[in-house]
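Engineer: Sequence:
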Amino acid sequence: MLRRSVTNLRGPLLKQQQRAFSASRPSLANDTRRSALISQQTVKEWKDLTAPQKVVAATKTSANIGLILAGAAVTGTILYYVGSELFSSQSSTHIFSDALDRVRQHEELSAMLGSPIKGHGEPSRSRSRRNRRILHQLAQDSEGKEHLLMRFYVEGPDNEGTCMVNMVKDDRGKWQYRQLYVDVPGSANMARGA
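Counted from 1, the sequence shown has number 114 at position 114 by full-length UniProt numbering; the numbering is strictly sequential.
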């Protein structure tokens with residue numbers, strides 16, 4: 001019997017505490033309605049704006065659109081130049097790779113340098129300097145033909161050498177090999193190929 005009375009007292013007491021807690025805290029539905037009313041009051045229709053407010057709103061929108069378009073143009077320009085340098089068959093990067101492949105396929109050079117043959121920029125003990133961009137130069141001859149002159153270094157386990165490339169632009173605007181030779185110190189003759 002004592003148990004029953006304690007349980008009977010708990011039920012009404014619990015309900016009373018829940019009602020007091022919910023009354024002291026505003027409901028979530030009221031908060032949402034209140035914030036929706038505030039946002040509806042602060043945003044005006046275009047027709048309700050005054051002339052200076054319309055000018056300000058139009059200027060903000062134009063500036064934002066202009067900024068987005070300028071960012072897209074700069075990004076597109078950067079992507080174009082990076083893509084043309086890396087993937088174009090006429091880029092200096094592609095010419096270096098092609099010349100290095102020709103050096104690797106030359107049997108006499110493979111015998112002198114050993115395998116595998118690696119190519120790099122100016123020689124240095126510093127690894128970051130060895131990975132510099134391969135230097136090249138564009139020049140015109142007396143006939144007005146454009147030449148590409150490139151120098152890079154090759155090395156294998158047995159020896160190392162200097163590779164010189166001379167290319168000329170043909171009538172279609174494509175680079176054609178004129179000379180490709182490797183100077184290996186200590187060898188009696190230079191290996192040539194094109």
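Simulated from the structure, these hints should not be mistaken for laboratory data.
Hints are not guaranteed to be accurate.
Said to hold, decoys possible - Subject to a maximum C-alpha distance of 25 Å in a straight line, what follows is the list of computed PhoX-like cross-link-like pairs (lysine-lysine):
| no. | residue 1 | residue 2 |
| --- | --- | --- |
| 1 | K54 | K44 |
| 2 | K60 | K44 |
| 3 | K118 | K145 |
| 4 | K60 | K47 |
| 5 | K174 | K145 |
Engineer: A separate judgement is required for each hint: does it hold in the structure or not?
Structural biologist: Hint by hint, here is what the structure shows:
1. K54 - K44: Roughly 11 Å separates the two Cα atoms, so the pair holds.
2. K60 - K44: Within the cut-off at roughly 16 Å; holds.
3. K118 - K145: Judged against 25 Å, a Cα distance of about 31 Å means the pair is violated.
4. K60 - K47: holds (17 Å)
5. K174 - K145: Roughly 12 Å between the alpha carbons, so the hint for K174 and K145 holds.
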